[in-house]
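Note that the protein sequences, when read in sequence, are chains A and B. So in this note's numbering, spot 208 of the first sequence is number 208, and the numbers just go up one at a time. So in this note's numbering, spot 114 of the second sequence is number 382, and the numbers just go up one at a time.
Just so you know, the hints here were simulated from the structure itself, not pulled from any lab data. Hints may contain errors.
The following residues of chain A were derived to be distant from chain B, with all beta-carbon distances above 10 Å [unchecked claim]:
no.: 1; residue: ARG50
no.: 2; residue: ARG64
no.: 3; residue: MET68
no.: 4; residue: PHE82
no.: 5; residue: GLN95
no.: 6; residue: ARG96
no.: 7; residue: TYR101
no.: 8; residue: LEU119
no.: 9; residue: LYS135
no.: 10; residue: GLY160
no.: 11; residue: ALA219
no.: 12; residue: ASP222
Derived lysine-lysine pairs resembling DSBU-like cross-links, with alpha carbons at most 30 Å apart [said to hold, decoys possible]:
no.: 13; chain 1: A; residue 1: LYS58; chain 2: B; residue 2: LYS318
no.: 14; chain 1: B; residue 1: LYS289; chain 2: B; residue 2: LYS476
no.: 15; chain 1: A; residue 1: LYS3; chain 2: B; residue 2: LYS479
Some chain B residues flagged as far from chain A (calculated, every beta-carbon gap over 12 Å) [to be verified]:
no.: 16; residue: GLU358
no.: 17; residue: SER439
no.: 18; residue: GLU441
no.: 19; residue: ILE457
Where is the CB? At the ideal position from N, CA and C, for every residue including glycine.
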Amino acid sequence: MGKLFVEERQIVIPGDQLATGMDYLPAGGAYRNGEDIRSSVLGVLTMNGRVLRVIPLKSQYRPRSGDMVICKIAEMTNNVWFAQLTESRDGVLTQREVPEYINDGDDLSHYYNYGDYVLAKIVTATRTSIALTLKGPGLRKLRGGRLVEVNPARVPRIIGKQGSMIGTIKDKTGCRMIVGQNGVVWLQGSPQQEGVAMAAIDLICEKGHLQGLTDIVGAFIDERMKDVTDVEEVSHNDAGKMHADEEQPTRTARPQRSEGRSQRGRRE
Amino acid sequence: MSKIKRAEGRAVDGLRPMEAKVGVVPSADGSAMFKIGKTIAIASVRGPRKLHPKFLQNPEQGRLRCFYNMVSFSGSGDRVRPGPNRRTKEINLVMESALAPALNLKQFPNCAIDVFINLVQTDAGTRCAAITAAAMALADAGFEMKDMVAAVAVGMSGGNVIADLDYIEDSAEDGVDIPIAMMPNEGKITLLQLDGKIAPKSLDEALKLAKVVCKKIYDVQRKALADHYTIADEPTKKVTKKATKKAKKEAKK
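Sequences are here, hints too, so could you generate the full structure?
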């Protein structure tokens, strides 16, 4: 019979022996070394029956096909764009993967220019190349708003179980919000609303290893929103005026996208 | 044997007082400070990021780069000329090969993981302190690691096999310096250098001693890493304790 050396929700460091014996199984963040199961990351231990998993406190983004990412157009050639997913990885966006019809010989920067941020989906991801697409519900260029970069390990917590956390932030601050799997978060609301949402995200990143975070964040936002003077209705009107052309079509697409979000949350 | 006392009353297998802290450089992806006696190493990790110049890129695996640096005021005598020189080049190389076995570099093709180590104060044992700090910083950055890496110098001075030499012992006429880095759980050695003359028997003894003292350094590492996050949940408790104490004092007044 195997032996367990750690407790649920304990913080473990790389190389820590979690258990011994073949009746325990290593999952993500753990590995087997002979009879022993060891941790391979700094993280929080979770147990599911006899399966041991270490949820990392920080990590690097590993692209997977189907991921929704927010990335910056960094480079382009005659027929493709290169979008930066992380500091180290670029994705390729080809002409046929964008919704616009592009005439032969058109200047690509006319459609997506250097520095533009897009919400894209990964079609295929291999060790050395990533193919992106902009064809799909909700995928588009991001106009206005602001971006926050977080550690990819915190993305599942920002989304929450079945999108509970992102739902809380959206409802309570009145911001629009998209979380890319690569750890880039897009926010749009009035300046003060955005400020509150950003502070909430900072809080999640700081306390991401604690339980019952949605309630803490909910209370935090309620407290902060008391000071917000630019009220919701006004900001909504502002947003409507500023992005009238963009707001109309996306408004219908929005519920659909948030559904997609929550599904992703479930998978995490 | 253990009755022989060294400078500062240390036992032969005694380490200098140690201190470790994680997350000391907020702008880095991961960082750590390790202090042993008067030697202080601050490591910060950045990456993975694209490796340039491009011909250095390897599509098979990423590359770990270490940048060891003694800051100008770190020594006890003259100003240390900072920046790369022959000695730091060697140390960068041995540090890379000491840390790489613990990492899974295959995950990061064409990329570099940079580890910057600054020694703000030195009293021998700098490469070991640097490796210890760097391993903590890499773990803090969230890299997948097979095991931690703990490093310490063992050696001989005054005819005794001793652990964690300070500058006086290290630079003594008969001083033998053996910097060793180990993966403590795996029990594998990732760095072994030897500077001086030593009998095979004494070397065996020194290596045995190194295994024991590396575990002690590992304990400091694990405490620093675990505490960084467990203490983070405490503040509310601490505040309330303080608050209650204050309230009691005021009540007494």
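Enumerated hints in conflict with the structure, sorted upward: Violated hints: none; all satisfied.
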